[in-house]
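Trainee: So the sequences go chain by chain: A and B.
Quick note on numbering: the first sequence equals residues 1 to 259 in our numbering.
Quick note on numbering: the second sequence equals residues 260 to 518 in our numbering.
Derived from the structure by calculation, the hints contain no laboratory data.
A couple of the hints might just be wrong.
Stretch-level coverage of chain A by chain B, calculated; a stretch enters the list once three of its residues show a Cβ under 8 Å from a Cβ in chain B [stated by the list, open to error]: (1) 42-54; (2) 79-90; (3) 93-102; (4) 107-121; (5) 148-162; (6) 201-211; (7) 220-231.
Idealized CB from N, CA, C, for every residue including glycine.
Number of protein chains: 2
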Amino acid sequence: MKTPGSAAKSAGHRPLIQAIGLLESCFREKFGTPRQPQIAPAARAKLKIFSKFSPHHSLKGLEGFSHAWLLTYLHLNTQKMFRPSVHPPRLGGKAVGVFASRSPHRPSPIGLSLVKIEKIAGDTIYFSGTDLVDGTPILDVKPYIPWYDRAKRALGGWAENTPPRSLTVGFAPEALRQIERLESSARPRLKTALGQILRQDPRNPRDRSQLKPDKTHEMRIWDLEVRFLVRGRRAVIESVHPAGPKDYLRPGRVPPEIL
Amino acid sequence: MKTPGSAAKSAGHRPLIQAIGLLESCFREKFGTPRQPQIAPAARAKLKIFSKFSPHHSLKGLEGFSHAWLLTYLHLNTQKMFRPSVHPPRLGGKAVGVFASRSPHRPSPIGLSLVKIEKIAGDTIYFSGTDLVDGTPILDVKPYIPWYDRAKRALGGWAENTPPRSLTVGFAPEALRQIERLESSARPRLKTALGQILRQDPRNPRDRSQLKPDKTHEMRIWDLEVRFLVRGRRAVIESVHPAGPKDYLRPGRVPPEIL
Numbered sequence: 001m002k003t004p005g006s007a008a009k010s011a012g013h014r015p016l017i018q019a020i021g022l023l024e025s026c027f028r029e030k031f032g033t034p035r036q037p038q039i040a041p042a043a044r045a046k047l048k049i050f051s052k053f054s055p056h057h058s059l060k061g062l063e064g065f066s067h068a069w070l071l072t073y074l075h076l077n078t079q080k081m082f083r084p085s086v087h088p089p090r091l092g093g094k095a096v097g098v099f100a101s102r103s104p105h106r107p108s109p110i111g112l113s114l115v116k117i118e119k120i121a122g123d124t125i126y127f128s129g130t131d132l133v134d135g136t137p138i139l140d141v142k143p144y145i146p147w148y149d150r151a152k153r154a155l156g157g158w159a160e161n162t163p164p165r166s167l168t169v170g171f172a173p174e175a176l177r178q179i180e181r182l183e184s185s186a187r188p189r190l191k192t193a194l195g196q197i198l199r200q201d202p203r204n205p206r207d208r209s210q211l212k213p214d215k216t217h218e219m220r221i222w223d224l225e226v227r228f229l230v231r232g233r234r235a236v237i238e239s240v241h242p243a244g245p246k247d248y249l250r251p252g253r254v255p256p257e258i259l
Numbered sequence: 260m261k262t263p264g265s266a267a268k269s270a271g272h273r274p275l276i277q278a279i280g281l282l283e284s285c286f287r288e289k290f291g292t293p294r295q296p297q298i299a300p301a302a303r304a305k306l307k308i309f310s311k312f313s314p315h316h317s318l319k320g321l322e323g324f325s326h327a328w329l330l331t332y333l334h335l336n337t338q339k340m341f342r343p344s345v346h347p348p349r350l351g352g353k354a355v356g357v358f359a360s361r362s363p364h365r366p367s368p369i370g371l372s373l374v375k376i377e378k379i380a381g382d383t384i385y386f387s388g389t390d391l392v393d394g395t396p397i398l399d400v401k402p403y404i405p406w407y408d409r410a411k412r413a414l415g416g417w418a419e420n421t422p423p424r425s426l427t428v429g430f431a432p433e434a435l436r437q438i439e440r441l442e443s444s445a446r447p448r449l450k451t452a453l454g455q456i457l458r459q460d461p462r463n464p465r466d467r468s469q470l471k472p473d474k475t476h477e478m479r480i481w482d483l484e485v486r487f488l489v490r491g492r493r494a495v496i497e498s499v500h501p502a503g504p505k506d507y508l509r510p511g512r513v514p515p516e517i518l
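Modelling step: build the complete structure from the supplied sequences, incorporating the hints.
Mentor: Right under this line is the structure:
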């Protein structure tokens, strides 16, 4: 008896879709991960292409492009039933159709992210401006080709305007000292990244418990735990310190069929 | 015993990916289908969303957007083995890596097309500027959101420049008479569409038999068969007439798992 996976991979049958690698990202869980790419240009991620996809040949020529599309498998999507309507955070409760949104809860849970290529070294592509959680399976990398990926005179519907940068961001003196100590080549531009991430207000406006004024929020970035408060329209980062191993890596379930 | 398809669709399991509809396109076979969207703005296609995806709710709000991304399952891709290098037509023989190209031959055969939304009526979206063959399974529709789908200061690598509009296009008197008779609401802007399609030179520069100077080429658009010649850098459309039923609809195999 063959399992569905082995059947799909046997000679003559191509798998339906395949991960070409798993993204290594500074974001370790959904909370705090930007809702869209380019919000946090200081966010970093890298993708090592699986050797079976011959990265030394299959990446050739990508270095001439400044940006790429990542097609991702949205494996943290735990929704079991299809829901035709979604509530984008910026609409504060108003519903739109899932096909008029970029919600991860879709019949085919495939994400599309425009990211900047920082460099390519051997089998690994380094990106910035990412909005993806660590461990996200990448289905495809496509170069961004300006003349046909750019729509002329485009209308952006309900998302026409850039989202409000809703929070100002401050740092408690202790947090500043910790950041100075922790910023390194493994965690580059830490302070800048935290500012960019919190400015977008990572709280879910539909979750009242998150909106309580004196709640301490916890967020993971790289191997760090960040604690912050929000008062009015101001976020204050209170502390930044190494997280315990139990505190991060909830990678979700990557479907075995795509590996 | 459950088949892989029924297992994937049973309660609690989400299918890996699903078609939300099959595109109805004016292009009936690969030859003549533009290599990229927006090359032939007169090209038309429509997508009826399957009723299980509640189009009356799931499309709500899409009418405010001028453009959309179509994520497509490239079902005409018959390549059995992964090949890391591809030969884009405009590079005339030079190879680049598959991840530095938009070739349909990819580990996850998912296409990304930027198309213009002409109108939405009930469960059906009407598009123009498409580059997809009739019957292509559509995995997802996402709105094009200008502020985060547009890269600033983007470099387009080997595809930096717009492709040359390599052919001028003429019409034989007989073809002009036929087009005048056949242009209708079912085949709108037929003459314009043919000009846009042939201008890009649909011949494969790596296929010598296609490049023979007096070869008559046949191409299908809507229910028509178009015959043309290419002499030097000039294409001449010789005739346009209704195609016999055997002449078109080679829809390829849509994987049953996604239906």
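Trainee: Please name the hints from earlier in the document that this structure breaks, with their numbers sorted from lowest to highest.
Mentor: Of the numbered hints given earlier, those the structure breaks are 6, 7, listed in rising order.
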